[in-house]
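Asks: Chains as they are written, first to last, in my numbering: chain H, 1324 to 1576; chain E, 1324 to 1576; chain G, 1324 to 1576.
Treat the hints loosely; a few may be bogus.
Given that identical chains are not distinguished, each listed pair holds provided it fits within a single copy or across any two copies.
Restricting the straight-line Cα-Cα distance to at most 25 Å, the calculated cross-link-like pairs of lysine-lysine (PhoX-like) are [stated by the list, open to error]:
#	residue 1	residue 2
1	Lys1531	Lys1563
2	Lys1409	Lys1531
3	Lys1343	Lys1387
4	Lys1343	Lys1523
5	Lys1387	Lys1402
6	Lys1402	Lys1343
Since the hints were derived computationally from the structure, they do not count as laboratory data. Since the structure is predicted, the reported quantities are computational estimates derived from the model, not experimental observations.
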Amino acid sequence: MPAFNLQLGRHVGLTHVIDKGLGPRAWEDRLDVAGDHISIVKLGWGTAYVTRNLERKLDVLRDKPVVLGGTFFEVVYLKGQIDEYKQWLADLGLTHVEISDGTIEIPRQRKLELIADLARDFTVLSEVGSKDSSVEYTVEEWTRWLNEELEAGAWKVITEAREGGPAGIFDSDGGMRTELIGEIASVVGPANIVFEAPTKAAQAWFVKQFGPSVNLGNIPPDEVIPLETLRLGLRGDTLKEVLLDGGERVHAS
Amino acid sequence: MPAFNLQLGRHVGLTHVIDKGLGPRAWEDRLDVAGDHISIVKLGWGTAYVTRNLERKLDVLRDKPVVLGGTFFEVVYLKGQIDEYKQWLADLGLTHVEISDGTIEIPRQRKLELIADLARDFTVLSEVGSKDSSVEYTVEEWTRWLNEELEAGAWKVITEAREGGPAGIFDSDGGMRTELIGEIASVVGPANIVFEAPTKAAQAWFVKQFGPSVNLGNIPPDEVIPLETLRLGLRGDTLKEVLLDGGERVHAS
Amino acid sequence: MPAFNLQLGRHVGLTHVIDKGLGPRAWEDRLDVAGDHISIVKLGWGTAYVTRNLERKLDVLRDKPVVLGGTFFEVVYLKGQIDEYKQWLADLGLTHVEISDGTIEIPRQRKLELIADLARDFTVLSEVGSKDSSVEYTVEEWTRWLNEELEAGAWKVITEAREGGPAGIFDSDGGMRTELIGEIASVVGPANIVFEAPTKAAQAWFVKQFGPSVNLGNIPPDEVIPLETLRLGLRGDTLKEVLLDGGERVHAS
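Build out the structure end to end from the sequences listed, making use of the hints.
Replies: The following block contains the structure:
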């Protein structure tokens, strides 16, 4: 391979990818070109349940941690089938599980017990934040809940940013709740958090705010390479901030 | 395959997929994971005409009904080449045809004759509704036209909802014309209609309004699995409505 | 292959495709169905630099001119590594290069020198226009700069229309700057310009304004076939304008 080295910085940010139903060939192709930049793959909400030949797809993804979406966990909880779910995950060879309460109500104490219980057998990602855009939590609620879930055994906590609509850490106009996010990060520690950032605008915002090593989640598979360029300053949106000290504007005037 | 059964309901809704130019490998991959949930594949508007190796693509799709887009029919009509078109469809092994008048004017009587004529050799899908967002029909016009086309021999009638912009059953703000759609469905019968619903918001709306068995059209290939989860209540958007009786809100307060 | 000939017009418009990270299998598939309609492939901004197995991807694309994105050139310029960049391009077997100054400032005289220098070894595409939506140039600036860059040795000049946001030839509301574009084209000559047109609305606008042979750029790979139908009048958006003389409206009244 011909070499060209721009001597860019390095980063340790997790890229948490959301899959909504790619087939095995598409995943092989994706891993070939972008596998270096994929930390974990979520099969979004209940998509795995309706996917034919799921095992073939999981086989292609065998070198990556795979986790089923939190909304699917919520359905399982509603149906009272958590033990069967654990068995199914084990049978599929999955080592990670996501626990959320973005759509249904799970009492906080129960959620913490579930995290602790599942953490005995799985690496737990737990998500805080409602998918309902009319629900806004305070900084104190966010940080307390995130910390409680980490203490209960979650490996990482995820902040909800519903794809395709403002909710969670986005305000009702779709903008970022800047102050809120800054306070959450400083109290909980950015390394413990995966911030959902499904759009390029949100991804660039997080990279500028927290640097290239921020953990970002719900990245569509075809946005993994573009996100990597945002982290490294190889795209217009973050070029100056990442590559130039101080990020002063150098645009032609 | 490890088994996990949530004992969800079943549905008989058609999922009518719109393709805008996928290649044969992508279709193989899609069918592997989502083939169970695909009822019919439309090669949108005139895309088939400019697709190289079309036969190889059709060969991959041989187990699904394939239909060329209605706008292509309108071009053929304008060019006066309907007989050649029928021959071409037969040569390609296609058994379905779509007839629309969303862009050009075809007198109603002529459209009904065309439906009756093509229904002798093909399964006809006919579409009502203008792609022009300034054109709004009354309930009486919608229901009369849809019923006439069914009587003329159409297998299903499609209600236009132009991708990427409000038209047909969407109002000029892009919202659903709720009352209109309810009346159309009750007069014409929902089983006879395929409602175009290219966006998740529209799909969720139809599932909540008419239940999981509603026939939905113009579903992008990568939205087939997500739509199936909407029908089954495995996604936040319809979880409560599909899985919980009455659909009362159970969100944390 | 069964034949069906609508005797449509022909066009000589370039279709300049932007890739943001497809894998080799996806490109094979794309070329199979749409290869006839792809003139040149740009690996957008710095995506090539973070793509694993880049040579395998380039091997699939060997029959098309491939160019790396202009923003990547800007990074290379900032880093002072233009000679290494030229060597890398040559080692990769690339024959085209893009030069832009949409994000960083390059003095005009320096940009013209760079174009002249690189044009000795490569076919140069140079881009005018800022990615910053607050920057608006006058017609006189646009035409002077475009002409200067052609005189310096650029094969084609590209007018910036930032994907996902208004900039360059779009006004701050995202609309086309109609008069501006008309004047630019008449002074510089449409055959010398590639107009970036990432959305269907922009593509249809250009086809209606300049005819099917307009050169269009930043076309996503899965929009190549749809664009070809727009050029030929096989989609509702341009059917009347392309297929019917005068383009008078023939819609049902």
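Asks: Hint by hint, say whether it matches the structure.
Replies: Here's how the hints hold up against the structure:
Taking the closest pair of Cα atoms, Lys1531 and Lys1563 come within 25 Å of each other only inside a single copy of the chain (10 Å); across copies the shortest separation is 38 Å, beyond that limit. Proximity of Lys1409 to Lys1531 under the C-alpha cut-off of 25 Å is found in neither arrangement, the shortest distances being 39 Å within a copy and 30 Å between copies. For a Cα distance limit of 25 Å, the shortest separation of Lys1343 from Lys1387 qualifies both inside one copy, at 16 Å, and across copies, at 22 Å. Taking the shortest alpha-carbon separations for Lys1343 and Lys1523, both the intra-copy value of 18 Å and the inter-copy value of 13 Å come in at or below 25 Å.
Neither within a single protomer nor between protomers do Lys1387 and Lys1402 lie at most 25 Å apart by alpha-carbon distance, with minima of 29 Å and 34 Å respectively. Taking the closest pair of Cα atoms, Lys1402 and Lys1343 come within 25 Å of each other only inside a single copy of the chain (23 Å); across copies the shortest separation is 39 Å, beyond that limit.
The earlier numbered hints that this structure contradicts are 2, 5.
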